[in-house]
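Protein chains in written order, with the working numbering: chain F, 1 to 250; chain B, 1001 to 1261; chain D, 2001 to 2248.
Please note that the accuracy of each hint is not assured.
Claimed, not checked - Okay, the calculated bits of chain D under chain F, using three or more residues with CB under 8 angstroms as the criterion:
{"no.": "1", "segment": "2006-2020"}
{"no.": "2", "segment": "2083-2093"}
{"no.": "3", "segment": "2096-2104"}
{"no.": "4", "segment": "2113-2120"}
{"no.": "5", "segment": "2203-2211"}
{"no.": "6", "segment": "2228-2235"}
None of these hints come from the bench; they were simulated from the model.
Cβ coordinates follow ideal geometry from the N, Cα and C atoms, glycine included.
Here is how the chains run, residue by residue.
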Amino acid sequence: MNRITKPLLVQIGTVFGFMVIWEIIGESKLLFEGILPSIVEIVKAAWTQVATGFIFPHLLVTFYEASAGFVIASFLGVTVGILLGANPFLRNIFEPPILYFAATPKIILYPIFLMILGTKFESKMAMAAVSGFFPIVINTTIAAANINRIFIKVAKSVGASSLQTFTRVYLPSILLPIFTGMRLGIGVSLVGAILGELKVSNAGLGFIIVQAFNYFRIAEMYASILLTFLFAAIVNLVMTLVLARMRRFA
Amino acid sequence: MRSVAPILEIRNISKTYPGVAAVENGSLEVYSHEFVSIIGPSGCGKSTLLEIIAGLLPKTSGEVFIKGHAVNHTHSSIGIIFQQESIFPWRTTIENIEFGLQMQGVPKEERRRKADKMIELVGLHGFEHRYPGELSGGMKQRVAIARALVMEPEILLMDEPFGALDEQTRIILGEELLRIQQEIGQTILFVTHNINEAVQLSDRVVVMTARPGRIKATIDIDFERPRTSEIIASEKFGRLVGQIWLLLREESLKGFKLARQ
Amino acid sequence: MESWREKTLRWTFVAVVLGAIEAVVRLDLVDRIFLTAPSLIAAGAWKSFLSGELLGLFLTTVYEVAVAFAIAVVIGLPGGYLLWRQPLLGRAYDELLGALFASPLILLYPISLVIFGRGTNAIIAMGLVTGAIPIVLNTHQGLRDVNPTYIKVGKSMRLSERQIMRYVLFPGASPMILGGLKLGLTYTLISVIALEFLVEIGGIGTLASRGYFWFNTEELYLGVAGAILLSMIFIYLLGKAGTRLFSS
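The following block holds chain F by itself, in its conformation from the complex (with noise of 0.2 angstroms):
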């Protein structure tokens, strides 16, 4: 019991202690007054965003925006992904450049898409899905090409057609690496929706935590991020309890 409690104690400890602190500078005059709320107010505030049913239209929106974003993404990811994989060739030319762009910030290229989708959910959805492309191509890039030779011999072997080898057998093998990469995705389809939200939108979690900041209404502004927080902890958890269920493709 020991092992698991102890930790378990530390770490309530630290969050305990971090609060502690934020009330101690909140209350004190190291920092301008109204910037750092107590926890209570902001935890009033958030209470009071959900039972007045003021964030759920927000929160659908950036949930439809990133959802849409997230399906485009995987659609295209899990394509490229098996393209490349299965092509050595491709593979080689397209890697490189893919992973050098993995590692950019993809907000960059948000006012491309504000230009070219408009201002509303549009150019969100492309965040999203520009967002979520990479962690997926490249997940299921390394599954396609790391595929289990042995499965394929036995496909042939009992007389299974080309496209019955495809989808019964290569597809099942590579299905839980490319989940693996879903899951990643879906966390960065979430924050580019959100990202796009906060610097030019009208409606959504971004949007309502920006404009808490412009009209310094910094208690709700720390409740929406709270909210958005625990949003992104659900998604998250959803899905590595969906991906836990799929351990037998392992």
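The hints should help you fit chains B and D onto chain F, whose structure is shown.
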């Protein structure tokens, strides 16, 4: 030379890769219901030969004849079992066994019926709905054997199927294999590097040379069938093993030297 | 291993794409407000470079990244070592930091702005946080992964604590530690450029945002290209540094 035609015949099979000859002029006749082992030093091309016969690897020259007809591709008379783990981790035991039948479009009830029979045959009763992750190495190979057998091939090719298993499991599975062959009566072509195993299980042992692999010699094993593992204690067994080893030793040393270059 | 053939093909592909964009713009197939020709971007870049503005922006970004990363290293390496030295802390914080790392930290930037004001410090603070976490985690993991047998060898040869640390532990952990540093630098860079764009405080990221809001298409694309180029140069140098350090 026998008066009956061989069920499987390979003539002058050669396989070369750029710069390296894997197999050279392999010729062999296998008769119905026979259990023939192929033994040889590492890298001599025994797996290559097997995959060529199975139609999974193109040959550079030579012919493969199944029941008298020249064959160039995978054939329904041939089933193959690999050394490495090959059952699909995303399917249960019974789904794995049904795989080939499913690919051939066999209807559900018939598939299930045949697969159930196989489960009894290989001794996996009770494990139908387990996933490979829950099975031991020996059980997984049984599933692989069942998967191949359910297709009712007349010829079974086995590429060091028990190589990754521990000695005891290997002996037990060897006996099981003989029992299955008694019941169903296929022809088996069995690649191994284990001389004891070869002598214990086969009617004939074919010895291959080091790379490029050629057929060096064929030894008849005339123990009676059905066999039990008691034959290991007999003098004849030791003699045969010794005979094969002498042939093999020369080739193994050559293989060693090749590897050192 | 990459053949020159594959390399040429890749660069040809890039050249073709750029050429196509140039053609599309020159032939007026697309409204000039949406797309600029690469040649015009290059011209604008040259002008900006000559006036020193471009260089100034690049330097601001590099400065922010350097400072943020330096602090991240100073906190991260000893931090990771501490987690290894005190396994209880290690177990507790591994999980905590791991969860933090997986969460969208960049969304905390309004808080950084509120605390540090609209200046480079806010950006450095965010860059610092996103960079320090992978350094701590990787350093900790790297030390943990050192084969305990090596330590036993050191002890059997009666090496002192410091000698073991210097000749066994850190060399053994260095691949992972190096990996952590690379990761940290990458995340710091991404955070810095992203925030420069989002908040327009200076640096190369600001160019793209400014260009968009002031309808200056050339500036916009210059900013986009500049930011992407800077990232790629960083990644490339990181890759080279990694292999160099290994052969020494």
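Do the hints match the structure? See the list:
Check on the segment 2006-2020 of chain D: 5 of its residues sit with their Cβ under 8 angstroms from a Cβ of chain F, so the three-residue criterion for coverage holds. A stretch counts as covered by a chain when three or more of its residues have a beta carbon under 8 angstroms from one of that chain; for the segment 2083-2093 of chain D and chain F the count is 5, and the coverage holds. Here the segment 2096-2104 of chain D counts 4 residues with a CB under 8 angstroms from a CB of chain F, which clears the bar of 3, and the coverage holds. Requiring three or more residues with a Cβ within less than 8 angstroms of a Cβ of chain F, the coverage given for the segment 2113-2120 of chain D holds, as 3 such residues are present.
Only residues whose beta carbon comes within less than 8 angstroms of a beta carbon in chain F count, and the segment 2203-2211 of chain D has 4; three or more means the coverage holds. Counting residues of the segment 2228-2235 of chain D whose C-beta sits closer than 8 angstroms to any C-beta of chain F gives 4, which meets the bar of three, so the coverage hint holds.
Every hint from the earlier list agrees with this structure, and none is contradicted.
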